[in-house]
Amino acid sequence: MTASAQPIGQPAPAGRSDLLLHATKVRKQFGGLLAVNDVDFDIQRGTIVGLIGPNGAGKTTFFNMITGLYAPTSGQIVFDGREITGDKPHEVVHAGVGRTFQNIRLFGNMSVLENVLVGLHHTLRGSWWKTILKTRGLVAEEAEAVDRARKLLSMPELDLLKREHDYARNLPYGDQRRLEIARALATGCKLLLLDEPTAGMNPEETRELTAFVRSLRDRMGLTILLIEHDMRVVMGISERVTVLDHGEKIAEGAPAEVRADVRVIEAYLGRGAAAEGK
Amino acid sequence: MAVATLPVRGRGLRNPLTGEHRRERTIIAVLLLAALLYPFFANTITSFTILGFGLPAPTTNNLIVMCYYGVLALGLNIVVGFAGLLDLGYVAFYVFGAYTTAFLASPQFGLHLPWLIVAPIAVAIAAIAGILLGAPTLRLRGDYLAIVTLGFGEIVPQLMRNLDKVNVILPGGTVVIGPNANITGGALGINPVDALTIPLPSFLQDLWKIKELQFSNGNAHASFYLVLGILLLSFFVCRRLRDSRLGRAWMAIREDETAASSMGINTVTSKLLAFSLGASFSGFVGAFVASYQTAVFPESFNFSVSISILIMVILGGMGSLRGVVVGAFALTYVSQTFLPFLGKFVDPPIEALGRATGIGLLTNFTLISLNYLIFGVVLVLMMIFRPEGLLPVAARKAELHGEGIAAEGTFGTTDSVAEAATAYEEAEGEIPPVDVSDESGSDRPGGDA
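These protein sequence lines are chains A and B, in that order.
For the first sequence, our numbering gives the first residue as 1, with consecutive numbering after it.
For the second sequence, our numbering gives the first residue as 1, with consecutive numbering after it.
Everything labelled a hint here was simulated from the structure, so no lab data went into it.
Just so it is clear, CB atoms sit at the ideal spot from N, CA and C, and this is done for glycine as well.
Take these hints with a grain of salt, some might be off.
[Said to hold, decoys possible] Sample of chain B residues at the chain A side, in silico, Cβ under 10 angstroms:
| # | residue |
| --- | --- |
| 1 | L241 |
| 2 | E255 |
| 3 | S276 |
[Claimed, not checked] Label pairs and their calculated CB-CB ranges:
| # | chain 1 | residue 1 | chain 2 | residue 2 | range |
| --- | --- | --- | --- | --- | --- |
| 4 | A | L33 | B | R386 | 45 to 51 angstroms |
| 5 | B | L159 | A | M220 | 42 to 48 angstroms |
| 6 | B | I28 | A | P156 | 39 to 45 angstroms |
| 7 | B | V30 | A | E144 | 34 to 40 angstroms |
| 8 | A | E144 | B | P136 | 34 to 40 angstroms |
| 9 | A | G188 | B | V380 | 46 to 52 angstroms |
| 10 | B | A181 | A | L133 | 39 to 45 angstroms |
If we strip away everything but chain B, and leave its shape as in the complex, we get (with noise of 0.2 angstroms):
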């Protein structure tokens, strides 16, 4: 029976009584000392080399961009690789935290409060954000829970662009808001936002030669270590949730709700903390890109984002913390660094091209243009060859690949169960054939995207 309970699994599986594995806290502490060390190389690093393929080094501001789009996939995951709901208007809370600091901290309102102060109110906005939208979908499951988040999604974004010229008129002519009040400046966004700057004491300010330290794109040091201090935080958060009583909640609603309401789990309170607490995350990021970019615009709020993030999620693997990060750096890494630099290679000539030819769509044509093309490419030739997602928790990779026995809710006879189990022992850690009949898959929809 040893044989059954050990080798196929091994480190993957998580295990709350052993906690976490020495390895790992090996492999993420080299991991963050690179990072941390980065920065002062990242003008004299121009590529790296991985496999044998020479691919550009990310600057630091790539690496900006590839942390907080981790701590927004680490935030989705909670809702779709925890809870197992399918949330397509992730982008919504993001837009909640990025205005939520344009408007109290900007000369918009003339309101200047410290981003410290802020960046909590940003988060709580969008944590009841997602409680205003978990609310009216907790009945729905699957592709209506989708459809209504993704209707979310659309609005919240569009709100923003158009909430520029507003009138509130009461009957009797008194006039509340307005004439033509600009709450959200419309198209134009609102800008300038203030950067989040802390002063320094005397001595930093003689050696540094500045008054305070800036976190804008103007600094891109200071906010890599910011938005680094960020993911690492979210990552504990998100891991701490995960292994405790919440997160086997989310789980067992996710596996089945209504076993999981018949064993005492509230399943309406678990999945609007899953909503509400992923939406945080991303409330602090809006936060963060806010003074960050030291402005917010609609149209860094598309529906796109959302499906980006989404697929990082999926690329990485649902529910697993570190796959949705590794996922997330992947996709900005190639949609931030690696398009851009084989653009420079790649566009002249085919404008060269289009301008011989006189077709327009090729003068135009732009490499980085092909983006959503190529994540659509890399998530169908994911969902065939490696449908898991890069570094999947170890109970997906084994649902994805047959490596059970006694597929959920079996009806079979004892015999046939018997047989399998046989079967099994025999393979002794090998993967047995690929059994993918898992019957209860379609009413999984997170589980299942």
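Only chain A is shown next, with the shape it has when bound in the complex (with noise of 0.2 angstroms):
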């Protein structure tokens, strides 16, 4: 990829079409505590982006500026064309961007289908007076809500009609992961933020999850930016990997490039590692 080639520290220009995400000199300090300092960070259309780091790097606050859960102290946010910085998440959310969350975050007392609904929410346009009058018009666009909810839950990887109805909490834990991205899918999102989607799964649930993820990419035409402690998942299905250290951008590039970097050994096996892999 020529994309790798590119230096750390000089970022895209602005406004490329080819850049779905374009994040410059962005930094988030809480009190006296730099989680994220001045990271340049770029996402390409289509490709699948892994965001890795030891525990406290700052990889979950970046997902939260991205999303609009923080504002960033300092520094822009450019989503497709259109600058989010500081944005509120549901604005964030209109604008494109999905999201799950490490710890899974459903909506547990609310069936599966009622979970994948509220993911449609921003789609639907039901005013509350409508909703009273119950207009022919809220209706239909209910009923075609619906529809759309459980097409997206027959998919084959999800495989969760069968239990539209159970509530989401009463879920096993493998379909409750695979249901936030479900709702997350319905939001329309072009670009979707996945927090360590396979924790906590075992190998064959892995396997399974990761092929989903590429498949989004490759027959939906996702971007998608994945926080991931699996190092097998992350080196898999990325072309691109970004490692965050300290609130710091360490190494950026191919996964083979970024897995060779002495910085990132060090960053998570300790200095001496280093030097005695060396």
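Please assemble the complex out of the two chains, which come individually in their own frames, going by the hints.
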């Protein structure tokens, strides 16, 4: 990949249409703690990008800034040609960013179907007075939404349609993870952020999910950014990997390059181990 | 797998695809018919029997109070039950509705607008008040929200009690309002307020020997049908809201506000809508009660009213429409019919005992004054034995009786979940052992009161 040869610290020029996400000098400070320090980060359309780093490296903080849960202290985030820095979470969803959470955050006391319908929420228009009057348009819209939700749930990799009326909290763990992805897909996102999608899964489930993520890109044209601790997963499906450590970007590039990077090995294993390996 | 999906939940599960349940419809139709006929027999029926207990029958006026508390409970349920926002000042909106009606249809300002115009205005004002209260509290969750709404619920009736000598004078000496303008009637309230009357067509005038139909406490029959209509209207409006995009947004916010906003829900507008729509029910009831009682008094809007309505919602089952109406009926029945009836037997001997012993506390004893003590005891007992309420929504019942397997936000290994799932399937519809380890409970204030 030619893009991987791009040196760190020189972000691509703004307005490049092949970039879906273009973040410049993004910084987040929590009081005295500098969680993310002037990170530049680009995502090309249609790629799968891995974001890795030791615990506390600022990966989830970075996610939360993209999705609007935190406003960056400074810096700029441009998504799909539109600046989303400091936008509210729901505005970022409208722009086309969907996400899952590290610790599953489904609506436990709502059914599987309802969870997906919540994902469709911002694509629906029914207002409160139309709801009360139950207008014909509203009934049609609801029926169509249910159709779309069920279609999504019936994707073979998700296979959740048979449990559509179960409460989300009653699903087995793997299904909960998959439902979270389904809910994010329902928002109609162009960029899907997956925060440790295989955490807590067994090897078989991990393999299935990895294949699913790849097929989301190949079949649906989604761009995917994932935080992941399982190196086999990250290295296996990402075209590019970015490594954060102590809030700084220490490496970026193709998986093979990143794996060989001394600073990455140091960050994960300590300086001594890195020296030994040489 | 079919085992896991069907038997435990059954008919309680809200299913947007199959719509209403036929059995539920039949029950509602029968109850409605009974309600429609009841006023004609209210004088002949003095008691009824439930499970072997003979109970005093409510009068038609009692039924009216039961119905309008039902509407209030439905309104509060939108805020507390659907959106999970603990509102302890719900009475404020009731005040707005009642006083708006009193201002616009009474000799107070010489305005006598017809009720059918006044009621929508009262509803609108209550709804706007809902937004005004909601806006500053949006960032608050749980206890803090409860405290602010509690304050609001105290401030509004106090305003009405004290706006009877108002002077607004500009620095130049121009009197804008005053001197000593009596706006709200102070502690005396506004009395009288116009009753809702509708003129009758001539053949009915001849038939009933009255010129117009009046919906006030002087005419319980007519008022009862009106308030029953309001209750039914409120019920169906609530049901449509619950099963809509908006209802899902409220429930998503109740379940996990952060996740809801990350799925594209504008939590600000959704919460404001909950406050505002909830308040509008209360405004409607205010408009009805003002014209039904043909008066408004500040004492009728105590903090205890907010609490009573909240108890009705909790007793019936938060989020459950049938539940909160049943809760409202049950508590209002106890305070309006049952305690006064029992008091007739209990009060005289205790009074006599008080006079004999010289203990003043006993001399002035009335059973009805123990109303809130009894509500409190009932609430405590409910929390111990049936925390989900009398007629709960299936989800909440499951939550509090551990029918779930994988608790939300579980970090457990796949194996332990698989084990739990197996155990669950083996149970085949029996209720598995209690598991109340719902870690996310604490950040869902409204859902756990």
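Kindly confirm whether 39 to 45 angstroms is satisfied by the beta carbon distance between B:I28 and A:P156. Holds: the Cβ-Cβ distance is about 42 angstroms, inside 39 to 45 angstroms.
Indicate whether the distance between the beta carbons of B:L159 and A:M220 respects the range 42 to 48 angstroms. For A:M220 against B:L159, whose Cβ atoms are near 57 angstroms apart, the range 42 to 48 angstroms is violated.
Against chain A, with CB atoms and a cut of 10 angstroms, does the hint on B:E255 hold up? Holds: closest Cβ of chain A sits about 4 angstroms from B:E255, inside 10 angstroms.
Going by Cβ atoms only, is B:S276 closer than 10 angstroms to chain A? For B:S276, the interface hint holds, since the closest Cβ of chain A sits about 9 angstroms away, which is under 10 angstroms.
For the restraint on B:L241, tell me whether the closest CB of chain A is nearer than 10 angstroms. holds, 6 angstroms
Taking the beta carbons of B:V30 and A:E144, is their distance inside 34 to 40 angstroms? holds, 36 angstroms
Given the range 45 to 51 angstroms, decide if the beta-carbon distance of A:L33 to B:R386 lies inside it. Check passed, 47 angstroms falls within 45 to 51 angstroms.
Is it true that A:E144 and B:P136 lie within 34 to 40 angstroms of each other by Cβ? Check passed, 38 angstroms falls within 34 to 40 angstroms.
For the pair A:G188 and B:V380, does the Cβ-Cβ distance stay inside 46 to 52 angstroms? Check passed, 48 angstroms falls within 46 to 52 angstroms.
Can the suggested window of 39 to 45 angstroms be confirmed for the beta-carbon pair B:A181 and A:L133? Taking Cβ atoms as reference, B:A181 and A:L133 lie about 41 angstroms apart, which means the hint holds.
Checked against the numbered hints given earlier, this structure breaks only hint 5.
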